[in-house]
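Peer 1: Residues per chain, in single letters:
Number of protein chains: 2
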Amino acid sequence: MITSTSNVKIKEIVQLQKKSRLRNERGIFLVEGLRMVQEIPMERIEKMYMTEEFYKKKGKALLQEQAMSRKRASPQGKEPLREEAAQGKVLELVTPTVFSYMSDTKTPQGVLAVVRQGGFAKEALMDAKDAHLLVLDNIQDPGNLGTIFRTAEAAGVTGVFLSRDCADIYNPKTVRSTMGAIFRQPFVYVEDLPGTIARMKEKGICVFAAHLQGERSYDREDYRKKTAFLVGNEGNGLRREVEEMADVRVRIPMAGRAESLNAAIAAGVLMFEVARQRRE
Amino acid sequence: MITSTSNVKIKEIVQLQKKSRLRNERGIFLVEGLRMVQEIPMERIEKMYMTEEFYKKKGKALLQEQAMSRKRASPQGKEPLREEAAQGKVLELVTPTVFSYMSDTKTPQGVLAVVRQGGFAKEALMDAKDAHLLVLDNIQDPGNLGTIFRTAEAAGVTGVFLSRDCADIYNPKTVRSTMGAIFRQPFVYVEDLPGTIARMKEKGICVFAAHLQGERSYDREDYRKKTAFLVGNEGNGLRREVEEMADVRVRIPMAGRAESLNAAIAAGVLMFEVARQRRE
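From first to last, the protein sequence lines stand for chains A and B.
Using our numbering, read the first sequence as starting at 1 and increasing by one per residue.
Using our numbering, read the second sequence as starting at 1001 and increasing by one per residue.
Mixed in with the good hints there might be a few duds.
Heads up, simulated DSS-like pairs for lysine-lysine below, C-alpha to C-alpha not over 30 Å straight-line [what the hints assert, rightly or not]: (1) B:K1106 x A:K19; (2) A:K18 x B:K1018; (3) A:K106 x A:K47; (4) B:K1106 x A:K173.
According to the in silico footprint, chain B covers these stretches of chain A (three or more CB under 8 Å from chain B) [stated by the list, open to error]: (5) 54-63; (6) 148-158.
The set of hints was computed from the structure by calculation and includes no laboratory data.
Keep in mind that this is a model prediction, so the values were computed, not measured.
No residue lacks a Cβ here, since even glycine has one placed at the ideal position from N, Cα and C.
Generate coordinates for the entire structure from the input sequences, incorporating the hints supplied.
Peer 2: So, in C-alpha cells, the structure goes:
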C-alpha cells in the first residue's frame, strides 16, 4: 500500500498526467475510471493503481475478469493477472489521499491504469479495403478530438491521420471523451500532412476537403469509393498547403446566420454520410 | 469608472454569472467578448461594461456601429446608443481588476453585455411552416447544449424545445458555445414534455425518438413532412414517458464497438439528414 504522495511512482504518475512529451517518450498513457479501464485490451496494461475500497468493491472482480480473458487469449503464456497482482507486479494499492493526488478527475473512482500506447503504420491504414479515412489538421480542443475519435469508430472510419500539431490523443481529458474508441480506432500522427495526402492520392483514394467555401455540397458526392476527408482547425480551418492537396472542396450547406459548425459536428455529418451511402 | 469590486453593480454581475435562478428572475443574461457582443440584437442590450483599453481600441467603434443600426431600426425612436452611453445609461467603464473579477473567462477581452432573454411561444413554434423541431430531454452538459443550438441553427431547425431540467441555455459557457445562435435560434423551455409532444402530434408533426434500440434506421424515414426529433440525456437517453410519445424510434447504425454517440453528434447527424432530404 502506497501511503505517501512523495512516493516516486506517484510522482511519476502526476507528471504523466500533465506532460504529453513524457507520455510519448515512455510510450504509455493513463486511463481512469471503471468503465474506461474495462475497455483496455489486457495485454496493454502495465500497471493498475486502486484504492483499497475500490479493490474490494469492484477491483477484485475486474482483475479476475481480466485474468480469465488473458488466460483464454494465451493459455500457455503469461500467468493470469491476478497472480501477478498478488506479487505486486501489476496492482498497487494506494490510500484515498494518494489516489486523489494522482488523479486527473474531480471525483476519482479509485482506479487508474498505466497503458501502452498503440501503433499503426501509415501505409497499412491507406491500404485498407474500402478505405474511409479522416485527416485532422491542427485540431486543438482535447474534448473535440476525443469526440471525433468516438464518432469515427461509430461511423466505420478505417483510419485517422493527425498532423503532429493536433492536440495529444493521450491527454487525460481526450482519453475520457473517446469513451473507449482510443483502444480500437486505428490512427497515426504524421509529420508531413501534405506529403501523406499525396501518397493517399497515389493509392487511388479520393480526397475531400471540408471547406466553408467548398464548390460542391457534401451530399452530392460519391463516397462508396475509397475516401478521405480533410478537417481543419476549429478557428482557422485547413492550412492552405493542406487544403490545396484535396481533389474536391465540399461544404455543408448551412441555414440561418451560422458561420461554421463545430469541427466534431462537421466531421460527424461527413463521416455518417459516407456510412449512409455505403449501406445503400 | 467603477474602480471597486465591492461596487453593488459588479457584485450583481458576479451573482448573475453563477446563478441560473437569478438570471431567470431578472429575465437577463450575460455575454462576453467582442465576437459575441457584435451578434447581440441591439434592442436587447441593457448595459455594457468595458475596460478603458477595450473602449478606446474597439468599444467606441462597436458602440457607433450599434448606434447607427439602432437609428436605422427606429429613426424616430430612442436616442442612439452612443448618446445614452455618454450619459452612462448603457456604458460603464471599469478598471481591468474589476473586469477580471466580474468576468467568467480566464483571459477576459474587456467587454461584457447584460442582455434581455428572448421569448418564444410554444404554439407558434409548433405551427411553423415546414416545422423541423428538436426536443431535448434532460441534456446536462452546458457545452453540448450550446453546440446543439449552434448546429440546430445551421441545419435550419425551426424550434428547439427543452425540458425544464435541461442545462440552462443562459449559462455563460453555454452562451459562448452557441457562437451567437442563442440570439437567433427560436427555443422554449417547457414544464410538461410528454404533454408538449402530444400537442405536436395533434398538429400533424411526425415525432421520431433517437434511440439506441430504434427499430428503424434514421436514414430510411421521410423528413420532408413536419418533423420533430426527441434527443435524450447524455448518459441515460430518453425518459420512458418521453420516448413512449414518439411515433417511431430511429437508430443511427454504428460500426465497431461504440456503444453510443455524443448527444450533440447524434442530434447533428439527424438534423442534417432532414436538411439533406429537404434540399433534394
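Peer 1: When the structure is checked against the list of hints, which entries are broken? Sort them ascending.
Peer 2: Failing hint: just 5.
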